[in-house]
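So the sequence lines, in the order shown, correspond to chains A and B.
Under UniProt numbering, the first residue of the first sequence is numbered 1, with each subsequent residue one higher.
Under UniProt numbering, the first residue of the second sequence is numbered 1, with each subsequent residue one higher.
There is no bait here: all hints are sound.
Pairs count within a copy or across copies, as identical chains cannot be separated in the list.
Computed cross-link-like contacts, BS3-like style, restricted to lysine-lysine with a CA-CA straight-line distance of at most 30 Å:
{"no.": "1", "residue 1": "K93", "residue 2": "K36"}
{"no.": "2", "residue 1": "K283", "residue 2": "K36"}
{"no.": "3", "residue 1": "K262", "residue 2": "K78"}
{"no.": "4", "residue 1": "K271", "residue 2": "K93"}
{"no.": "5", "residue 1": "K78", "residue 2": "K271"}
{"no.": "6", "residue 1": "K199", "residue 2": "K283"}
{"no.": "7", "residue 1": "K38", "residue 2": "K102"}
{"no.": "8", "residue 1": "K21", "residue 2": "K262"}
{"no.": "9", "residue 1": "K262", "residue 2": "K170"}
{"no.": "10", "residue 1": "K21", "residue 2": "K78"}
{"no.": "11", "residue 1": "K38", "residue 2": "K78"}
{"no.": "12", "residue 1": "K170", "residue 2": "K271"}
{"no.": "13", "residue 1": "K36", "residue 2": "K102"}
{"no.": "14", "residue 1": "K271", "residue 2": "K199"}
{"no.": "15", "residue 1": "K102", "residue 2": "K78"}
{"no.": "16", "residue 1": "K199", "residue 2": "K21"}
{"no.": "17", "residue 1": "K170", "residue 2": "K199"}
Calculated directly from the structure, the hints in this document are not laboratory data.
Number of protein chains: 2
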Amino acid sequence: MEMKVASQKEYAIGVDIGGTKILLMAADRHGVVRHKKKVSSTGNLEEIFRLVDMFIEESNLQHQDIAGMGIGVPGDMKGTEGIVRVSVQMGWKNTDIGAFIKGRYAFPVFIKNDVNCSALGERWFGNGDNTDHMVYISIGTGLGGAIIANGRLVEGNNYSAGEFGYIVDKEDIRAGVFNSAEGFGNLERKIAGRSLSQKSDGIGCTSRELFREYIQQNKAAVEIVEQYTTDLSILIANLVSILNPEIVIIGGGVSESMGLIKGIITEAVNKLTIFPVDIRLSKLGGEAGAYGCIYYVFYEGLPQLEKVPQEKQKAWRKGFEAMYQDCPQ
Amino acid sequence: MEMKVASQKEYAIGVDIGGTKILLMAADRHGVVRHKKKVSSTGNLEEIFRLVDMFIEESNLQHQDIAGMGIGVPGDMKGTEGIVRVSVQMGWKNTDIGAFIKGRYAFPVFIKNDVNCSALGERWFGNGDNTDHMVYISIGTGLGGAIIANGRLVEGNNYSAGEFGYIVDKEDIRAGVFNSAEGFGNLERKIAGRSLSQKSDGIGCTSRELFREYIQQNKAAVEIVEQYTTDLSILIANLVSILNPEIVIIGGGVSESMGLIKGIITEAVNKLTIFPVDIRLSKLGGEAGAYGCIYYVFYEGLPQLEKVPQEKQKAWRKGFEAMYQDCPQ
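Chain A on its own, in the form it takes in the complex (with noise of 0.2 Å):
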C-alpha cells in the first residue's frame, strides 16, 4: 500500500463549526474562494458531515479535485487524530470526530482548534501581512490564543498551546481563585465577552455600547473599560515580552465594537513591554476560520504528511488512519 499525498490537487475545503453557525468555504491555494456558505449549526456529527457532503456537491468538485479537507472545532484537540477532549459550546467530551469520519473521504482531513484556524486565516488574507510572528486573541464569549512563531503554528506538546485565559496573577492567588478545566480561566474570567456582558447589564447597556459610553465619560462605563484596557493590555504586553511578535491581533465578537478603545490599549501596551508591536483589529471576522482551514490543508498539514519519510509514515500511520485515506487513482 503506497501513500500518496494529493497537494497537487486544485481545491481544499474548509469548515468552521462554531457554536450557532458552521461557515464551509471552498478556495484554491491562492485563497480564491470557489463556493461559500452558512449554516445552523448542531452538536450531531451525521448532520455536520450531511451538510458538508452536501456542500461539496454543490461546489461541483469530485473528491479527487480535492487536496484535503479542514476542520476548525471550538474546542481542544487530543491530538491528530481527530479527537475532541472538551466543547463546551458543541457539548462534546471525548468526541471522535476521526473514527466517525473514518473512510468517508478520499482525501486528508485535519481537525484543529478553531481558534488556531482564525489565527492562520487572519495571517493569511486577514490583518496578519503574512508575518512569521504573530499573537492572535480570540475574545468572544471566551477567551483563546492562538501563536505563530518562525512562521509556523505553535500548538504545544499537548496541542493546547494560547490558552490566555488560564493566566494568573498574584491578586488571584491572595483571592484564592484558581483555574480549573471545566470552569472559565482565571483571565478569561477578566476580560472575556460574558463577564463584559454582565457589567454591561449592571449599568444598562449592551457591551457593544459600553466602549461608546466610555468613549463619552459615562462614569459607570469608565470604570468598567478602565478596568478592562489594563487586564487587555497586561496580557498583550506580557505576550510581546514573551514572543517578541511583529503583529497582535484582536478577534472573536469583541473585537468588532473595540474600534474605539483600541488606541488606549495600544498607548497602555507601550507602556507596559520595551518590545515595539503593532496591534491590529481582525479584519475577517467571522471568516478568518475558514480561510485559515484551508491554509492548514495547503501549508502546514500536506506538506507535514509529505516530508515525513517513509518509516515514519508506518508509525504515524495508526494515528493518521482517520484523517487520511489513499487516494484513488
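With the hints as your guide, set chain B onto chain A.
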C-alpha cells in the same frame, strides 16, 4: 562568486562569552568534544578573538575542518549580522562583532544571545530530552529566557523573544513601576539573583544558604522564599498556559541551589495551571551555552543557510557578509 556551505565539515567551535569566563569548545555534530577550555573574560574584542584563534590552534583543527562557529553573548542582538545592541555585562553598546571579524574566518560564524544558546544546549545534551516544546528560564544576576517550539528556537521579530524579565502585573501598575530598556525589568527585579542576594544579605546569609534556611523554617527566610517561589511559580504556570511546553528547565547560577525548593515550585505550578509540565533544573550548568553554540551551527545555522534559494542568498549576503565567507577548496 559561488556560496559554499561547509556543513559536511566535521567540527564546530562554540564560544560562550560570559561576564567573568569564556568557555571554548570544539565538538562534532554528535556533541563529542575534541577540546574544551575555560579562560578569563574580557570585553575587548581583539583579546577575545586572539583567545579563539589560540583555542582553534590548540585543538589541532585547520580552518577547513571547521563547519562553523557559534558565539553566545550576554546581550541582545540587533539581527543576524552580529551587532550586539546592549550588553551590560560586557560593557558593549551597538558593538559590531560581525564587522570586527569580517574576513577572519573561512567558515560561517553565528552570533546569538547566550540564553538562547544555553536552552539549545540543555535540550541537546542536558535535561531537555530533545523535546520539540521547551521553555528555558535563566536565573543568574538577571533574568532571561528562551523558547523552543516545533523543535526550533523562537527568536521573535527582533530577536528579543524570551525576555521574561519584563513581565508586569497589576501591582506594578499600581506602584507606578515600569520597565525600562536600561535598567532591570519588572519581574527581573523580583526574581533575579541580585534581588535574592540583597534579601539574603538583609537576614545575614548568602543566597546559597537562603533555601536551606527556608527548609529549616528560619522565619525570615521563609517569608523571602515564599514570596520568591510564588513569583517564580506564577511565571512558570503562565508560560505553560501560553506555550504548552513539555519541559521547563531552570538554569543560571541561582538554579544551582534550587534543588531544595524544586518540589515546592512544581507543586505550586500544578495548582496554577491546568496543563501538565515537567519542571527540571539545568544539568549542564555553565557548559550549556557552549554546547548550544555548537548545536546552533550544525542544526539551525547551517541548515538555514543551505535551504535559502540562490536569489535570496544574494539578497541575504549583505546581511550575512560578515558572518559568511566562501570556504577555500
